[in-house]
Amino acid sequence: MTEIVVLSGKGGTGKTTLLASFAALAKNAVLADCDVDAPNLHLLLKPHVREKGKFVGSKIAHLVGPLCKNCGECVPLCRFDAIKVIGSQHVKKVAIDERLCEGCGVCSRVCRYKAITMEDRVVGEWFVSDTRFGTMVHALLEPGAENSGKLVAFVKQKAKLEAKRLGRSIVLVDGPPGIGCPAISVLSGANLAVLVAEPTQSGSSDFGRIAELARGFAVPAVLIMNRYDLNLNMTEVIELQAKEAGIVPLGRIPHDEAVVNAMADGRTVMECGSGKATEAIEQTWNAVLRVSGAAVG
Amino acid sequence: MRGVSIRIAIASGKGGTGKTLVATSLAAAWREALIVDLDVEEPNCYLFFQDGDTTTKKAFRPVPLIDTDKCNYCGRCAEVCEYHAIAVFQKQVMVFDELCHGCGACTLFCPKGAVSEKDHYIGDIVRVQSKGGADLLYGRLKVREASATPLMRQVKREIDVGRSVIVDCPPGTACTAVESIRDSDLCVLVTEPTPFGLHDLKLSLEMTKRLKVPSVVFINKTGLRGPDVARFCAGKKVRVIGELPYEREIAEAYSKGKLIFNSPKYRPAFEALAEAVRQEVRSA
Chain S
1 MTEIVVLSGK GGTGKTTLLA SFAALAKNAV LADCDVDAPN LHLLLKPHVR EKGKFVGSKI
61 AHLVGPLCKN CGECVPLCRF DAIKVIGSQH VKKVAIDERL CEGCGVCSRV CRYKAITMED
121 RVVGEWFVSD TRFGTMVHAL LEPGAENSGK LVAFVKQKAK LEAKRLGRSI VLVDGPPGIG
181 CPAISVLSGA NLAVLVAEPT QSGSSDFGRI AELARGFAVP AVLIMNRYDL NLNMTEVIEL
241 QAKEAGIVPL GRIPHDEAVV NAMADGRTVM ECGSGKATEA IEQTWNAVLR VSGAAVG
Chain B
298 MRGVSIRIAI ASGKGGTGKT LVATSLAAAW REALIVDLDV EEPNCYLFFQ DGDTTTKKAF
358 RPVPLIDTDK CNYCGRCAEV CEYHAIAVFQ KQVMVFDELC HGCGACTLFC PKGAVSEKDH
418 YIGDIVRVQS KGGADLLYGR LKVREASATP LMRQVKREID VGRSVIVDCP PGTACTAVES
478 IRDSDLCVLV TEPTPFGLHD LKLSLEMTKR LKVPSVVFIN KTGLRGPDVA RFCAGKKVRV
538 IGELPYEREI AEAYSKGKLI FNSPKYRPAF EALAEAVRQE VRSA
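Protein sequences, first through last, are from chains S and B. For the first sequence, counting from 1, position 97 maps to 97 in the working numbering; every step adds exactly one. Just so we're on the same page, the working numbering is the position in the second sequence counted from 1, plus 297.
Some clues are possibly wrong.
Said to hold, decoys possible - Here are the simulated DSS-like cross-link-like pairs (lysine-lysine), alpha carbons at most 30 Å apart as the crow flies: (1) K93(S) / K509(B); (2) K453(B) / K150(S); (3) K354(B) / K415(B); (4) K59(S) / K453(B); (5) K54(S) / K453(B); (6) K46(S) / K533(B); (7) K84(S) / K533(B).
Unchecked claim - Short derived list, chain B residues pointing at chain S, Cβ under 7 Å: (8) H398; (9) A445; (10) V475; (11) H496.
Worth flagging that the hints you see were computed from the coordinates, not collected in a lab. All values reported here derive from a predicted model rather than from experimental measurement. The C-beta atom is built at its ideal place from N, Cα and C for all residues, glycine as well.
All chains should be built: construct the whole structure from the sequences, respecting the hints.
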């Protein structure tokens with residue numbers, strides 16, 4: 001099984017648009033949307049949910065009001081400033097800010113009145129769905145939740161199991177922006193990272209960091225320049241930057257209004273007749289298959 | 298509001314909608330503002346501050362250090378670690394710094410006092426003093442460091458008291474977005490009129506509502522064929538505080554690292570935005 005992940009560092013470079021087009025071209029892939037806190041792939045693939053479940057990310061401290069003597073011993077021990085003393089000088093009360101709690105359990109362990117329990121925290125929901133391009137695994141993180149990296153790992157694992165069950169040889173993963181825990185979680189265990197960059201100063205800066213991350217985790221990477229004709233000079237700068245980092249510039253996708261229009265209609269550009277972008281995307285996909293060594297069928 | 302200083306977060310669910318463009322040009326229109334780039338995974342504001350004086354300091358977070366002379370390998374530290382960052386063997390303790398959240402449980406509960414803490418490098422805190430106009434403060438996460446929030450918190454501690462602050466936030470709606478938005482007086486959500494932009498705007502509004510941070514919307518790339526974001530905002534009673542058209546000219550200027558505020562054609566839009574934001578905060 002070949003796991004191909006699409007990442008970019010910078011947001012909005014066209015990861016999802018490109019991945020949806022790849023999905024239309026791939027004949028034997030299971031899809032996974034690992035941008036769990038702002039997922040978009042479902043808007044183009046319109047999945048029918050077949051199976052779903054809640055995802056427990058971590059523990060969370062819960063104050064059992066009647067047991068708490070408001071002694072405040074736990075307050076200074078919380079490294080995440082999640083426990084505060086509220087109220088006036090005379091009536092002091094201990095309160096837990098659940099948004100800041102990281103579930104370490106220190107407060108619960110030190111509390112001599114057993115007034116703090118550690119509860120499971122549901123941080124999101126996951127789905128296994130049918131789409132017109134095959135099975136898709138996706139998720140939605142609760143707004144503001146922690147542990148998106150764990151949910152990402154879960155979605156990827158689920159997609160791999162689906163691929164195995166269905167006898168598919170490719171898992172195509174849409175990644176999140178950034179280089180933090182969700183991006184690391186997407187990279188870990190991947191066979192090929194497809195890095196999508198745009199020809200801007202920001203694009204160059206952000207590509208440099210995601211490329212370094214891929215190298216750090218020893219995942220082979222290729223570069224695709226999206227809307228490369230927006231600034232041909234910057235396209236060449238970033239391609240050179242890639243070569244110096246041992247990353248092959250694999251394709252260039254031109255700016256094409258057809259892509260914007262297809263998105264507005266909730267479709268991939270591959271389903272809207274052929275044009276300059278569709279040709280480039282098809283060539284790029286074939287190159288990705290060749291480099292990744294994925295079985296075509 | 299803390300005195301006269303106000304804090305404005307420039308955020309978005311979807312990436313690439315123009316947060317940095319809006320933050321840098323708004324800061325230029327604001328004058329005397331401190332722009333704080335909390336997108337520590339992929340900071341970009343520095344590209345617009347190339348001629349300033351830069352000072353850099355290293356940032357760290359605490360991770361456990363085991364004193365093997367005192368340790369009796371009882372395993373208590375591993376037992377209290379919720380993050381599986383410590384493994385204890387018969388004559389060895391392994392610490393996985395990347396998994397550690399720095400909660401201090403191992404140090405606190407070690408019966409032999411064998412666990413202390415050492416510094417683990419997580420990135421840099423950079424300040425750029427520009428010749429005129431706004432100054433920049435930002436964090437740059439070390440590549441391969443998984444958790445951005447400890448660095449973000451340390452950058453926030455460096456913010457000058459009494460100064461108006463414009464925060465460039467990371468994309469998304471997860472913990473890093475929350476960390477960058479939560480102490481703000483106003484959140485400007487930058488979006489674009491595409492199905493992706495509108496979908497993620499809805500998630501962002503849900504998040505800012507939970508955080509109880511008043512929010513307004515800035516629509517970038519108006520004129521693109523797509524959903525009517527202004528109508529959606531009117532229906533939700535969310536104010537549209539400004540907009541910028543979808544023009545190749547803007548994209549090209551931005552691609553070269555040019556400040557859009559410096560273009561006479563677009564300057565009035567950002568001067569109006571600065572005024573509208575001030576008013577919005579005053580009336581809140």
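Checklist entry - Which of the numbered hints above does this structure break? => result 5 and 7
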